[in-house]
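J.: For reference, the chains in residue letters:
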Amino acid sequence: MNKDDNIIPFAFKRFQERRRNDGMDIKSPEDKPALDIDPVKQNFRRDTDPIEEIRTFTEARVMQERSLNKHLMEQLLTRPEPVSTNEHALYYSGIALGFAILFAFNIGMKF
Amino acid sequence: MARGLFFSIITVLFWALEHVSLKVIVSHWPIEPAVFVCVNLLTASLVLLIIAGPGRLGLETIKQPHTWAYSLFSVLNNVFFVLAVGLISAAEASFIWRFNAVLTMIVVWFFIGRSTSVYDWIGTLIILGGCALIAAGFDPQIRDIALVIVFVGTLSMTLRTTVTEFHPTSNQSRTIKEQCRITGYVLLVTSAAFLLFILGMTYVSSSLTGRQDVFGMVAAYMPQRSDFFDPPTIWSAMLLGAFLTAIYNYCQFVATRTAKSEIFIMVTALVPFVTYAFELIASVLGYAPAPEMSTRSLTGGCLIGAGAIFIIYMRFHRARREKVTRAVA
Numbered sequence: 001m002n003k004d005d006n007i008i009p010f011a012f013k014r015f016q017e018r019r020r021n022d023g024m025d026i027k028s029p030e031d032k033p034a035l036d037i038d039p040v041k042q043n044f045r046r047d048t049d050p051i052e053e054i055r056t057f058t059e060a061r062v063m064q065e066r067s068l069n070k071h072l073m074e075q076l077l078t079r080p081e082p083v084s085t086n087e088h089a090l091y092y093s094g095i096a097l098g099f100a101i102l103f104a105f106n107i108g109m110k111f
Numbered sequence: 001m002a003r004g005l006f007f008s009i010i011t012v013l014f015w016a017l018e019h020v021s022l023k024v025i026v027s028h029w030p031i032e033p034a035v036f037v038c039v040n041l042l043t044a045s046l047v048l049l050i051i052a053g054p055g056r057l058g059l060e061t062i063k064q065p066h067t068w069a070y071s072l073f074s075v076l077n078n079v080f081f082v083l084a085v086g087l088i089s090a091a092e093a094s095f096i097w098r099f100n101a102v103l104t105m106i107v108v109w110f111f112i113g114r115s116t117s118v119y120d121w122i123g124t125l126i127i128l129g130g131c132a133l134i135a136a137g138f139d140p141q142i143r144d145i146a147l148v149i150v151f152v153g154t155l156s157m158t159l160r161t162t163v164t165e166f167h168p169t170s171n172q173s174r175t176i177k178e179q180c181r182i183t184g185y186v187l188l189v190t191s192a193a194f195l196l197f198i199l200g201m202t203y204v205s206s207s208l209t210g211r212q213d214v215f216g217m218v219a220a221y222m223p224q225r226s227d228f229f230d231p232p233t234i235w236s237a238m239l240l241g242a243f244l245t246a247i248y249n250y251c252q253f254v255a256t257r258t259a260k261s262e263i264f265i266m267v268t269a270l271v272p273f274v275t276y277a278f279e280l281i282a283s284v285l286g287y288a289p290a291p292e293m294s295t296r297s298l299t300g301g302c303l304i305g306a307g308a309i310f311i312i313y314m315r316f317h318r319a320r321r322e323k324v325t326r327a328v329a
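Each protein sequence line maps, in turn, to chains A and B.
When you line the first sequence up against the numbering used here, it's residues 1 to 111, in that order.
When you line the second sequence up against the numbering used here, it's residues 1 to 329, in that order.
One chain only, chain B, in its complex shape:
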């Protein structure tokens, strides 16, 4: 469990570092999020594949339905996050996306049948309270649609993490190179699927722009053709993909395998706080504007963070107690 926790923390650090780097880049040049995500994943997959080299488990990874499910849920998660950011602030979206911790607890308990303790549920209730507090602050006109978007997006993220944990070839990997190869192939498939999706949506949205219905709203968030050739978007995505995304995706695969989904998701609930701390450092150094957060978001975020830390602490405490009991017996 300690190893899984270590890799989860590394994932959180690199994830937050990528968010802050993105903020620094956005404060200087406007970038297109969908194209950024696509090129970012593609570069990360190439870096991991080059490190790994050709070898076993490549073909099996491509053939696994888990790989394609991961891609589908990744695309859904990214699309719904972009949609959510269109309705609510990025900080609110970042915090309320931690609703996936609640969904993960339900999925691992109800569908996977893993044992949970009363402390897990107390922590989950605290997280749910934090999410409810943030949701209460939404504009009543968009609240319903925003909540549906948050639910589908977080469900996609939960299922993606669960699929990662049960990915057969990832669990068969024995060396670092094999894990890099598997992660690289999964990300390659994901980026290719995402590229096809946004190319299709760009083609469709060109005829939907200007409409006053939900299709028009979605079309407004889709990239234009010129966005695919935007130098800041492409180059920043390549840079961050090579140095940050590749590392945290590798760590994510190892962490979900060793620490299990729920612990990984609980640790990632701390991403907004680590991002906030890095943003403060970046603003002090003069690279980015000072982070802004409403009192409601901050309070809700604190509740979510407290719930996640409570669950991690109680799990760790229980694991240590069981270890001591076994040693005494």
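Next comes chain A alone, as it looks inside the complex:
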């Protein structure tokens, strides 16, 4: 295809002339000066290392899991357990024996 066959520059030229007649100066994109953008100054570069980001994310997930595990373990340890009758009997007879001895000492003071 010949360059002159391209209708876009031709159409743009007509469009430009018409706008100029209206008092507007339209420039083609090729004639516009390029924007003076420094990618470093504009902070286009990544602030963080992606590997570091992944590591941080993974560590956060690990900590989250650990805390969940800890919570579950605490729940497991502090769950109400069925206490056998023997354990109950031993506990209350031990307490009763202890208090009986202490009361005996205290009551004995009066005599």
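Don't read these hints as lab results, they were simulated from the structure.
Note that the structure is predicted; figures quoted are calculated from it, not measured.
Check before you lean on any hint, since a few could be wrong.
Said to hold, decoys possible - Label pairs and their in silico Cβ distance ranges:
1. A:LEU68 <-> B:GLY53: 56 to 64 angstroms
2. A:GLU59 <-> B:LYS63: 42 to 50 angstroms
3. A:VAL62 <-> B:ALA319: 20 to 28 angstroms
4. B:SER207 <-> A:PRO82: 50 to 58 angstroms
5. B:SER206 <-> A:LEU97: 19 to 27 angstroms
6. B:VAL324 <-> A:VAL62: 48 to 56 angstroms
7. A:SER84 <-> B:PRO65: 17 to 25 angstroms
8. B:GLU292 <-> A:PRO82: 29 to 37 angstroms
9. B:LEU285 <-> A:SER84: 36 to 44 angstroms
10. A:MET63 <-> B:LEU239: 27 to 35 angstroms
Stated by the list, open to error - Chain B is faced by these chain A residues, among others (derived, beta-carbon under 7 angstroms):
11. PHE57
12. LEU72
13. LEU76
14. LEU77
15. VAL83
16. GLU87
17. GLY94
18. ILE95
Stated by the list, open to error - Straight-line alpha carbon distances no greater than 30 angstroms define the calculated DSSO-like cross-link-like pairs of lysine-lysine that follow:
19. A:LYS13 <-> A:LYS32
20. B:LYS177 <-> B:LYS260
21. A:LYS70 <-> B:LYS260
22. B:LYS63 <-> B:LYS260
23. A:LYS110 <-> B:LYS23
24. B:LYS63 <-> B:LYS177
25. B:LYS323 <-> B:LYS260
26. A:LYS13 <-> A:LYS27
27. B:LYS323 <-> A:LYS70
28. A:LYS70 <-> B:LYS177
Ideal Cβ placement from N, Cα and C applies to all residues, glycine included.
Position chain B relative to chain A; hints supplied.
T.: Only chain B this time, still in chain A's reference frame:
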């Protein structure tokens, strides 16, 4: 190790606080030591059991031979300490009782097979030197019998601490309540055994009083029937048992499990010094007479304290170095 050291220090603080409270009480009312120990342990056990409530490991604790061995060694330790105080001063007894640090090192190295470093033995030798210095100051007439009493008493204490470290149900405990329950049951058994022992000895000693032999000497230190109903003895024992003995016994069980026997015993070697500091505070506040200590006892005590601190420092230093080496590797 840091956790064990923390609990050992708490044990020492509460132990010393109990000694000072006892001194304050004794300066106002005479109390009977054997009855005091018995009621004190009983109250502490009740407090711990009430905190813990019924639950697992109770029956197993009672069935464990370790629990009964603990009771036996506790009774022996208390009896021989009372006998020692009858022959030597309380301050001397308090210091020379730290001979248990030497025995503990030998027990954990020879019988348990735990690794020891050259620094442990240097510290042990310093402690032994302190004990020898105090023993050299004993009256020659009672020295032999006093040394035998000190040896048996400190051996009982060493074995009690070792039994505590290897107590199976104590090592199985996972929560504070479980540890309270186990300690409570152990103390209940100990106080009951001790009560039976002193009741028996009171009954026997009533017929031995006045004799000029060793039985007569032992009978002189046994409680009378009226001592079991002495209000200051009973009430002070109940008060201190509830607020101090319960706490330090709980901490003792946790400390021996986490820091091991030798470190616990080394930290408790500082009890006389902490007691001395608290006594000074109490005397300044006017609650108790100023503490008295001979230069020999103080020098021996300083050697014992220095040896114990040396061992603790070197152990802590080594543990930290190993941690750093592991982290680097």
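J.: So, for every hint listed, does it hold in this structure?
T.: Here is how each hint holds up against the structure:
Against the hinted window of 56 to 64 angstroms, the Cβ-Cβ separation of LEU68 (chain A) and GLY53 (chain B) comes to about 28 angstroms, which falls outside the hint. At about 46 angstroms, the CB distance of GLU59 (chain A) to LYS63 (chain B) agrees with the hint of 42 to 50 angstroms. With their beta carbons about 26 angstroms apart, VAL62 (chain A) and ALA319 (chain B) fall inside the hinted range of 20 to 28 angstroms. Look at SER207 (chain B) against PRO82 (chain A): about 52 angstroms separates their beta carbons, and that is inside 50 to 58 angstroms.
The supplied range of 19 to 27 angstroms is met by SER206 (chain B) and LEU97 (chain A), whose beta-carbon atoms lie about 26 angstroms from each other. Separation of VAL324 (chain B) from VAL62 (chain A) is about 23 angstroms and departs from the stated range, judged on CB atoms against 48 to 56 angstroms. Between SER84 (chain A) and PRO65 (chain B) the beta carbons are some 22 angstroms apart, a value that agrees with the proposed interval 17 to 25 angstroms. Separation of GLU292 (chain B) from PRO82 (chain A) is about 58 angstroms and departs from the stated range, judged on CB atoms against 29 to 37 angstroms.
Between LEU285 (chain B) and SER84 (chain A) the Cβ separation comes to about 51 angstroms, which falls outside the hinted range of 36 to 44 angstroms. At about 46 angstroms, the CB distance of MET63 (chain A) to LEU239 (chain B) disagrees with the hint of 27 to 35 angstroms. Violation of the interface hint for PHE57 (chain A) is found here, the shortest Cβ-Cβ separation to chain B being roughly 24 angstroms, above the 7 angstroms cut-off. The closest approach between the C-beta of LEU72 (chain A) and any C-beta of chain B is roughly 14 angstroms, which is over the 7 angstroms cut-off, so the hint fails.
A distance limit of 7 angstroms between C-beta atoms decides the matter here; for LEU76 (chain A) the minimum to chain B is near 9 angstroms, and the interface restraint is violated. The beta carbon of LEU77 (chain A) comes within 5 angstroms of a beta carbon in chain B, closer than 7 angstroms, and the hint placing it at the interface holds. The interface hint given for VAL83 (chain A) holds, since its Cβ lies 5 angstroms from the closest Cβ of chain B, which is under the 7 angstroms cut-off. The restraint placing GLU87 (chain A) at the interface with chain B holds, with a minimum CB-CB distance near 5 angstroms, inside the 7 angstroms limit.
Because the smallest distance between the Cβ of GLY94 (chain A) and any Cβ of chain B comes to about 5 angstroms, under 7 angstroms, the interface hint for this residue holds. About 6 angstroms separates the beta-carbon of ILE95 (chain A) from the nearest beta-carbon of chain B, less than 7 angstroms, and the hint is met. At roughly 15 angstroms between alpha-carbon atoms, LYS13 (chain A) and LYS32 (chain A) fall within 30 angstroms of each other, so this suggested pair holds. With a C-alpha separation of about 21 angstroms, the suggested pairing of LYS177 (chain B) with LYS260 (chain B) holds against the 30 angstroms cut-off.
For the hint pairing LYS70 (chain A) with LYS260 (chain B), the CA-to-CA distance comes to about 26 angstroms; that is within 30 angstroms, so the pair holds. Restraint check for LYS63 (chain B) and LYS260 (chain B): the C-alpha separation of about 24 angstroms stays at or below 30 angstroms, so the hint holds. Under the criterion of a C-alpha separation no larger than 30 angstroms, the hint pairing LYS110 (chain A) with LYS23 (chain B) is consistent with the structure, at around 26 angstroms. Taking the CA atoms of LYS63 (chain B) and LYS177 (chain B), the gap is about 19 angstroms. The hint holds against a cut of 30 angstroms.
Between LYS323 (chain B) and LYS260 (chain B) the alpha-carbon distance is near 18 angstroms, which keeps this suggested pair within the 30 angstroms criterion. Taking the CA atoms of LYS13 (chain A) and LYS27 (chain A), the gap is about 10 angstroms. The hint holds against a cut of 30 angstroms. Our distance criterion of 30 angstroms between C-alpha atoms is met by LYS323 (chain B) and LYS70 (chain A), whose separation comes to about 24 angstroms. The straight-line distance between the Cα atoms of LYS70 (chain A) and LYS177 (chain B) is roughly 18 angstroms, inside the 30 angstroms bound, and the hint therefore holds.
Of the numbered hints listed earlier, those contradicted by the structure are 1, 6, 8, 9, 10, 11, 12 and 13.
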